[in-house]
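Colleague: Protein chains in written order, with this note's numbering: chain X, 8 to 233; chain P, 659 to 878.
It is worth saying that the hints were derived from the structure and are not from the lab. For every residue, glycine included, the Cβ atom is placed at its ideal position computed from N, Cα and C. One thing to keep in mind: the hints can contain errors.
Capping the alpha-carbon separation at 25 Å, the derived lysine to any residue pairs in SDA-like fashion look like this [to be verified]:
id : chain 1 : residue 1 : chain 2 : residue 2
1  : X       : K61       : P       : K722
2  : P       : K712      : X       : P67
3  : P       : K722      : X       : N184
4  : X       : K200      : P       : F734
5  : P       : K722      : X       : E177
6  : P       : K712      : X       : E100
7  : X       : K56       : X       : V181
Some but not every residue of chain P turned toward chain X, in silico, with C-beta under 8 Å [unchecked claim]:
id : residue
8  : S709
9  : G710
10 : Y723
11 : F827
12 : F844
13 : H854
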Amino acid sequence: MASLLRKVELFYDVLSPYSWLCFEVLCRYQKIWKINLHLRPTYIAGIMKSSGNKPPALLPLKGKYMLMDLEYLREFYQVPIQVPKDFFSVILEKGSITAMRFLTAINMENPEMLEKASRELWMRVWSRNEDITEPQSILAAAKKAGLSEEQAKGLLEKCSTDKVKNSLKETTDVAFNYGAFGLPTVVVHVDNKSHMLFGSDRMELLAHLLGEQWMGPVPSTVTSKL
Amino acid sequence: MASLLRKVELFYDVLSPYSWLCFEVLCRYQKIWKINLHLRPTYIAGIMKSSGNKPPALLPLKGKYMLMDLEYLREFYQVPIQVPKDFFSVILEKGSITAMRFLTAINMENPEMLEKASRELWMRVWSRAAKKAGLSEEQAKGLLEKCSTDKVKNSLKETTDVAFNYGAFGLPTVVVHVDNKSHMLFGSDRMELLAHLLESWKSSGKTKSKVTDNGPGCSG
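If we strip away everything but chain X, and leave its shape as in the complex, we get (with noise of 0.2 Å):
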């Protein structure tokens, strides 16, 4: 029997804010509509690579405007992104490989963590300016997140493990063959066709394609507390 449930992909980056907006609206509205949301441990800086693209943020007048656009976000999305002015500088350094590397591994052995896992290392990186690439940071966001300190060591460890680094390096390649130029990417499947759509900002064309009901990204009917 087929599924009633639409499938929608979320490919996503700790270290893009916009794929948190998008994020934490997939998972809001998933208990409201109709959808079996797949959470995809992205590679951005792949992502870029393949496809020629560049961080906006490297454009002085565009990392001027997301430092405005995630202010007002934050409040419109109900999501704690706090952007201290330096960060793109620092973000562009340190990147993102072991903390993606890390989600990619426990959406292998403990895919039910994966949304909190993923949630709590935004939290370090875009909420509180903490760092997410030292093994003590991935493990304190483990811990958080509610994984044993056993678990989230053993989780570190597979990460130097050849199956890991190919498994995000395949759904990054596969992000890319939707066609994405950056995350978040969202490729929802409904009638024997896929949409790639590409932000946060198409949320509510997402409702529409899934004829669905846009409620605005913070759903009455979902209590969210961040």
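Assemble the complex: chain X is given as a structure, and chain P must be docked to it using the hints.
Modeller: Then chain P, alone, in the frame of chain X:
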């Protein structure tokens, strides 16, 4: 007595399809929201030059995405955008200086015609459903002549500089003025946020400004 209408400026170029979407949404909502919509013909190539930005379509995957995106948005926004597949190269070669000087001249001489004239130019550039301009031939010729005057050229340049000074790196750029502050928003996909901001910045006047977002396809 302070006006209860909040001033909303739209900096746009008819070369920009997303400017058209933004324009139509704001035209529909100007009667519903308590706003004073100021249309500001702007030269997008000038914005690109000042900001160091490039048209997104120059990146092949972005260009490809925009074709798809505009197809969805045509239906969702109910704006008759039809994008021929080779359009971006045509757009990037031909440019919009004459069209935007023409709209600048209209804004100076016949501002009440600016909305319609802008729409007709978008229809010509971005839709196969072009209709008559609505200006008399005499009016149109007169305005076309004015396009090569310094007055009109400088006016377009000034508006473009104003947009840039607000921080614009592309179009459409919307600037909303409320409580002696100005807020810049970029893109046709910040209209729901605009509604939200207008609602949260209700004027202190007696009239309660009830701003609801009924989606971009609202008729009004």
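Colleague: It remains to establish, for every hint, whether it holds in the given structure.
Modeller: Here is what the structure says about each hint:
Proposed proximity of K61(X) and K722(P) is supported: the alpha carbons are some 17 Å apart, at most 25 Å. Between the alpha carbons of K712(P) and P67(X) the distance comes to roughly 13 Å, so the proposed pair stays at or under 25 Å and holds. Between the alpha carbons of K722(P) and N184(X) the distance comes to roughly 13 Å, so the proposed pair stays at or under 25 Å and holds. A hinted pair counts as satisfied when its Cα atoms are at most 25 Å apart, and K200(X) with F734(P) qualifies at roughly 18 Å.
For a cut-off of 25 Å, the pair hint linking K722(P) to E177(X) stands: about 22 Å separates their Cα positions. Our distance criterion of 25 Å between C-alpha atoms is met by K712(P) and E100(X), whose separation comes to about 24 Å. With a CA separation close to 14 Å, the supplied pair K56(X) and V181(X) stays within the 25 Å bound. Among the interface hints, the one on S709(P) holds; its C-beta lies about 5 Å from the nearest C-beta in chain X, closer than the 8 Å criterion.
Checking G710(P) against chain X by beta carbon gives a least distance of about 6 Å; that is within 8 Å, so the hint holds. Below 8 Å, beta-carbon pairs count as interface contacts, and Y723(P) has one with chain X at about 6 Å; its hint therefore holds. Here the hint on F827(P) is kept, as its CB sits about 4 Å from the closest CB of chain X, short of 8 Å. Hint on F844(P) holds. Least Cβ distance to chain X is approximately 6 Å, under the 8 Å limit.
Using the Cβ-Cβ criterion of 8 Å, the hint placing H854(P) at the interface with chain X is satisfied: the shortest such distance is roughly 5 Å.
Figure legend: structure checked against the earlier numbered hints; every hint is met.
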